[in-house]
Every structure is written in C-alpha cells, then in structure tokens.
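Trainee: Given next are the chains, with one letter for each unit.
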Amino acid sequence: MRNNRDRFIAFVMLLPSLILVGIFVYGFIGQAIQTSMTDWGQNPAQPPLAATVIKSFVGLQNYENIMTDTLEFYFRNALVNTFFFTVLFVLGCVAAGMILALLLDQKVVGEGFFRTVFLFPMALSFVVTGTIWRWMLQPGGGVNILPQVLFGLSPIEFSWINSRDVWLPFEWGNVPAYLTMAGFAILAFLAVRYATARRWRASRYAVLAAVVVLLVFAARLWDVVWLPLDTPDAETPIAPKGFNAALVGIIIAAVWQMSGYTMAMFIAGIRGVPEELREAARVDGCSEFDVYRRIVLPQLNPIILSAMIILGHISLKIFDLVFAMAGPDNAKTVVPGLLVYTEGFRENAFAKASAIAVIMLFFVTLIIVPYLWSQLRESRSRGR
Amino acid sequence: MKRRLLIIGVLMMTLSLIGIVRAQDLSGQLEIFSWWSGDEGPALEALIALYNSQNPNVEVINATVTGGSGVNAKAVLKTRMLGGTPPDTFQVHAGQELTGTWVVAGRMQDLSGLYAEQGWNEAFPPDLIDLLTVDGAIYSVPVNIHRSNVLWYNPAKVEEWGVSVPATWDEFLAACPTLQAAGVTPLVVGEAWTVNHLWESVALGILGADGWNGIWTGATPANSPEMVAVWNRFSEILACSNVGADSAGLSWQQAVDKVLAGEAAFNIMGDWAAGYMSTTLGLEPGVGFGFAPAPDTAGSFMWLSDSFGLPVGAPNPDNTLAWLSLLGSVEGQNAFNPLKGSIPARTDAVAAAPDLYNAYLQSAAEDWAGNRLVGSLAHGVAANERFMGDFNTVMEVFIASGSAEAAASAMSAVCITSGACAGA
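Chains A and B, in that order, are what the protein sequence lines are.
Going letter by letter, the first sequence gives residues 0 to 383 in numbering that gives the first Met the number 0.
Going letter by letter, the second sequence gives residues 0 to 423 in numbering that gives the first Met the number 0.
Any given hint might turn out to be false.
One side only, chain B facing chain A, incomplete, derived with CB under 10 angstroms [stated by the list, open to error]:
{"id": "1", "residue": "Val57"}
{"id": "2", "residue": "Thr100"}
{"id": "3", "residue": "Ala351"}
Partial chain B-side listing against chain A, Cβ under 10 angstroms, derived [claimed, not checked]:
{"id": "4", "residue": "Val183"}
{"id": "5", "residue": "Arg371"}
{"id": "6", "residue": "Ile415"}
Derived pair list, reagent style SDA-like, types lysine to any residue, alpha-carbon separation capped at 25 angstroms [as the list claims (entries may be wrong)]:
{"id": "7", "chain 1": "A", "residue 1": "Lys316", "chain 2": "B", "residue 2": "Lys156"}
{"id": "8", "chain 1": "B", "residue 1": "Lys77", "chain 2": "A", "residue 2": "Gly139"}
{"id": "9", "chain 1": "B", "residue 1": "Lys156", "chain 2": "A", "residue 2": "Ala44"}
{"id": "10", "chain 1": "B", "residue 1": "Lys77", "chain 2": "A", "residue 2": "Ala44"}
{"id": "11", "chain 1": "B", "residue 1": "Lys156", "chain 2": "A", "residue 2": "Phe23"}
{"id": "12", "chain 1": "B", "residue 1": "Lys156", "chain 2": "A", "residue 2": "Val126"}
{"id": "13", "chain 1": "B", "residue 1": "Lys77", "chain 2": "B", "residue 2": "Gln108"}
{"id": "14", "chain 1": "A", "residue 1": "Lys54", "chain 2": "B", "residue 2": "Lys156"}
{"id": "15", "chain 1": "A", "residue 1": "Lys316", "chain 2": "B", "residue 2": "Gln108"}
{"id": "16", "chain 1": "B", "residue 1": "Lys156", "chain 2": "A", "residue 2": "Gly139"}
{"id": "17", "chain 1": "A", "residue 1": "Lys316", "chain 2": "B", "residue 2": "Ala74"}
{"id": "18", "chain 1": "B", "residue 1": "Lys156", "chain 2": "A", "residue 2": "Gly326"}
{"id": "19", "chain 1": "B", "residue 1": "Lys77", "chain 2": "A", "residue 2": "Phe23"}
{"id": "20", "chain 1": "A", "residue 1": "Lys54", "chain 2": "B", "residue 2": "Arg79"}
{"id": "21", "chain 1": "B", "residue 1": "Lys77", "chain 2": "A", "residue 2": "Val357"}
{"id": "22", "chain 1": "A", "residue 1": "Lys54", "chain 2": "B", "residue 2": "Val64"}
Derived from the structure by calculation, the hints contain no laboratory data.
We treat Cβ as the ideally placed atom computed from N, Cα and C, and that holds for glycine.
Make the full structure from the sequences, and use the hints.
Mentor: This is how it looks when you write it as structure tokens:
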C-alpha cells in the first residue's frame, strides 16, 4: 500500500520532465526523421521558406542522394573524416590523459597547480581553442617556425589545416568490403574469446555469424546489400578518400582541449585504487611499473570506457572547432555537423540537412545505446 | 465666467491639437535586424541616431547577430521567420538573396507605393531596381553599394618590380613569370569564398556583361564552350596564385596585407578592402594603395548591396516605413556610407556632399553612375542561396580534378537542382 503510494508520487514528480523530454527530445527526433523523408528544399517549385510550403513524402530519396549523387561528395568526405577524427581524437585524449595522470600520481610538488593547468583548456569553448590554434598553425608562423626560433633549425613546411594531401588512400567503392571484413574480424575475435573463457554456446553463435559474414564476403553479396548505395564513378578524381592531412591540426587542437578532462577522470580512478593493494603488490616483489600495469590499469578499465564513450559522442557531433579552424566549406575537413548547418540554414535544403542529422544520430546511438544498456544491466545486477 | 469658458475652450483646442500632432507622431518599437557590428557598427548607429532625432518616441531595438557576411544572422532570421516572429525590418543582400529566398516565399511586402511617394524610381539606377522587383512589385530599399570587381595593388612595389597594372588577363599572365622570378606571389587569394569572388571577376571579364547576365537567364548555358573557356582561363590564373599553398588559411584582410607588405602583387577583392586600407590602416587611396577594375572588366560594375525590407507580419509597419524612408533619402545614405566605406545606392547622393567621400569612393560613385551594372554571384545578387552554396562544390570539383569540363558539367548540374539559371 505504502509502496504503491510512493510509486505514484514518484511518477507524478517525474511526469513533467517525462513530458518535456518526450516532446523536446523524442518528438523532435521524430520530426527530423519525418522531415528527412520529404522534399522540403529539394523542389525548386516550392520556396522552402514559404508559410504554405508543400512537403511531399519521398521515402529514402534524400538518403540515397547523399550517398550516391556525384556532387554530394562533401557528405561522404564528412563520413570518412568523422571516422578518422573520432579514432585519433579518442585515442589521443585517452593516451595523453593517461600519461598526465600517471605523471601527476608520482607525488610531484605543486600537483594541484599542474592539475589546474592541464584541466584549464577545458574551460575554453571550442571556438576559442579553434581560433588560437588556427593562428598557431598558420603556414608561415606559429608552430612552423618554432624549431627555427628555438634551435635555429629550418622551419616546418607542413600546412596544417590547409593541406590537400590524402594519406592512407582507399576507394570509396571498397568501403562495403572493408565493413564486411571488419564485421568478420570482430565476430572471430569474440568467438575465440568466448572459447577461451569456455562459454561454448556464445562461442558457437559467434562462429556461426562469422561464417555467414565470410560467405557474404566470398560471394560478394555486399553488392546486393549495398546496391542502393552504388558509388559514383568520378568519386576518386573529385574527392579522393583517405585520411586528410588537414585534419591533423584539428585533432591536435581537440586533444589539447579535452585531454585534461580525461586526465581528471583517470586521476580520480587511480586515487580510487586502495593503497593496501599497491602495498601488497610491492611486498610480493612487484616493480613500480608492474604495479601500474597489473594493479592500477586493470581497475581503470570502466573509466577508460566511460571516457571513450563521452569523447566519442563529442567527436561525432563536432562542429564549432572545425568551423573556427577551417571554415565551413573546406572539403578536406568537413564534418557532418557542419553540413547540417550549411545545407539547412544556408542553402535552405532542410530535408537534406535532416537526413544528415538523422545519420549523425544513428552513429551516436551506435555508441551510446550499448553503453547505457551495459550500465543498466550492471546497476540491476548490483541492485539484486 | 465668459473668460473662464474662453480659457477652457482654448485649453481644449490646444489639447486636441496636441492630440492630432501625437497621432501623427510615431511611437512603440522598431526592431532592426542586421549583422552590422564591430567596424560596421558605427555606420548603423549613425542611422539609428538620425532616426531617433526624427522619431523620438520610437524605441529602436538594434538586433545584431554578428558573423562575417551575415552567416549567423541569416540562420537566426530563418528560424524567426519560420517560427512566425519576424523583426520589423531586416538587412538582406539585394537581388536573389531577397527575391529568391524571401519574396518567392511570400514573406515580404510590396514597397512600390513608398518608391513612388519618395521619387526613388529616378534616384536609384534601373538595373538595381530590376533586381529588387518581382512581377512589378519592389521589395526592399538599398542603403549602400559595394563593388566586387576591383584589383588592388601597392603602387610603390609594382613600380619597383617593373610591371604595369594589368588591364587584361593576358597582360597579367605575361607579367606572371616576372613576378614569380622576383619571389612574389602574382595574385593572392584567401579562404574558400575569396576564390569564388575571384572567379566571378574572371568570368565577367571573359563573358562580358551580357554573357554574365546570360548565365542566369539561360542564354549562356553552364556547360557551353564559353563557360569551359572561363574555367580554362581561371585555371591559368590560379597557377599564378597561392591556391594550394597557404590560401585556405588566409582571411581577406590577411590577403590584402600580403599585397601591402610586398609579398604578393595583386589581389581581387570587394571594395570593403578600400575601407580596411584607408580607415583601419590609415592609407591614402592612390598613394598607399592602388585600385583598378579587375582585368578585362573596365566599364562593368559588379555590385552587391545591403538593403532593408518590410516583412509580412512585422509588428510595427509604420515605424518600419519611416525607417525605410530615411534609408532611401540623400541624408540617410550620406550619414551611413562614409562610415561604412561604401557608396550610396542613389546616384545623386555623392554630388550632394562630395567632401564626405575619399578618392576611391568618388571614383567608384562615378563608375556606379556610368558603367554597365551586373550583379555579384559570391554575394547573393545573381543566384539563389542554393546555387551559391552548391557553387562551393563546383569549385572543389574544379580544384580537385583540375578539369574545366568537369567543373562546367558540375555547374550545369547545380543549375538544374537549384533552378538558378532558368531566368526565373
């Protein structure tokens, strides 16, 4: 009885925020998905900003356009850039944050001072960071003349954010094959891992799935799966795919800004490891290096995962940093967030912008949902 | 008693007179939406001060959203218009940014009555009014004019290198090896939009005013041999520039700085560069910096213009009409333009107060009154916003592939999706 009443009160208390979230988050996600399936802004006969604009349903036409139209290569560049940016930004922040945290854990004098210094860039907005780094990465100044000023060496010639070089080039048409192989590799890895852990049933499922993926690969079935996303012939001469060298400067700026944040998380994690554990390891003859490798780092795994999730969704949605550093129209550094803005608010192609936004949401969901799911499962098992 | 009645009568008459005067007086608010802040802020404030002195009871709300050429302001404006809360008046580039975005959407009110009442049909050049007109109705009041096709140089340096200021692109290409041998960038450009800006001057030079206008009426198809020739010539010109070196990281001011410092010989930029050099850097036109029409474009004036209109559903239309009347007057245009560093859209305003304008602006005003007038692409006059945005894609196709044919066919495709080249 009492329990029911508590539940009722809790429900009533939560109701306003449930309604607001329902309207302003899920309602608008629904509206974006709906808009992405119309021709709003695609039909020259219908002025997109008219009060009486007629938006006709066109299904997945906009998605097909941005994936296959020869002149929509900015979007495909953006997808490739997001991939490389996310991987390098997350790895960079985790590595830099970890190094800083381990250094600060050595009981240095003035630790609080250094902690503030390293955390400070996070207090800036990405726009400020971008503007500063844009200045520092100018072709004829800043970082490039540093070796000259400091050591009298010849200046660096690299044009950080203006470079048109493409490293690790690949054909956009091969992306389905890469994805299929990546799927196989993950499943094979899982199969081996479950097998070594003697979880035979899970391992069998993974093996089965891996074999299916392999068959798909062998039969080139991705041609069927990916046929609607057929690549334009002119993709490579117009917009070669690969890691764009111009992203290096942006990644450096982003890592500079966010590595203090991962450092703070890791310090908290390291401090959470009981001193008794370390002492016990030392008594057992563990070297200081092994104390970190075998005792401290394994305990940081959940924190590393959280950091990667948080950084991952920031990098998928990055907008302001790239806007400030390279402008909105640089095909070598374009990211999906920029395209949503330029297509939507500059070119009035609202349906196309919505389609890009929905694809962004999809990728963020890919990262966030498994994380939330594992968190929920964890807290439920803990509650039991 | 009689006297008292008389006094009361007089008092009442006075009161009612005051009432009548009050009724003619404007009150309430006027929200002016623009992207004029920073260097351009004082020019707008001068206009607002003038408006306040004429209409002391109107509270002016200066709603500025900062950001170069209005990128952010336009985005905010679009959300406001879609949300049904338009400002009383807003800044918009004359031409397609007005007609292709807002007029076709049915969001603007006809101002041809105001034009007739103020006698503006004679004061503004007909070529300009044409681009503010849709089906006989005029939709905005132009405040200023900027010129896009201007070549800037440093007179002392050009003399030192022994090159003449090129009147044609052939002359420029002939001087190019000399300059490169001297270690000088012959032509400096900056970030993406300044390359588009250069392109429109090149295209105007090769196609001529009629050919340029033909792009937007369909008379010069985007994939025609003439347009391929434009792209080929553009390719030769870019080979004499810093594109592919440090261009993408330079703002237009930094590009101009390189010319003044003698690191580069020439730059093509709109005449806000004259404002930057004369006001910000304190250089004298013709001495500290030199100017000429972009090669092959003498006799043509490629313009862009800021204008203000009256949106449908504006809360205070009477206050807006008073504002627009001020903008279109000789007094208003002469209050604004010397501070902004632009010329008045009225052809008779500079003659009314020539002392206000420096040597460059006077020469520009002369050309404005006498030259063929054509609208700029990079600044929203000639083509709609969809085409302008997609033109970046065309330029990227050209720079990545180096192929004039590929660029021409990409532009042709963009023409179709945007509907900008069909002469709407």
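Trainee: Work down the list of hints and note, for each, if the structure agrees.
Mentor: Right, here's what the structure says about each hint:
no.	hint	verdict
1	Val57	28 angstroms, violated
2	Thr100	6 angstroms, holds
3	Ala351	38 angstroms, violated
4	Val183	15 angstroms, violated
5	Arg371	29 angstroms, violated
6	Ile415	9 angstroms, holds
7	A:Lys316 <-> B:Lys156	47 angstroms, violated
8	B:Lys77 <-> A:Gly139	39 angstroms, violated
9	B:Lys156 <-> A:Ala44	53 angstroms, violated
10	B:Lys77 <-> A:Ala44	19 angstroms, holds
11	B:Lys156 <-> A:Phe23	60 angstroms, violated
12	B:Lys156 <-> A:Val126	37 angstroms, violated
13	B:Lys77 <-> B:Gln108	17 angstroms, holds
14	A:Lys54 <-> B:Lys156	58 angstroms, violated
15	A:Lys316 <-> B:Gln108	39 angstroms, violated
16	B:Lys156 <-> A:Gly139	22 angstroms, holds
17	A:Lys316 <-> B:Ala74	19 angstroms, holds
18	B:Lys156 <-> A:Gly326	32 angstroms, violated
19	B:Lys77 <-> A:Phe23	20 angstroms, holds
20	A:Lys54 <-> B:Arg79	20 angstroms, holds
21	B:Lys77 <-> A:Val357	21 angstroms, holds
22	A:Lys54 <-> B:Val64	30 angstroms, violated
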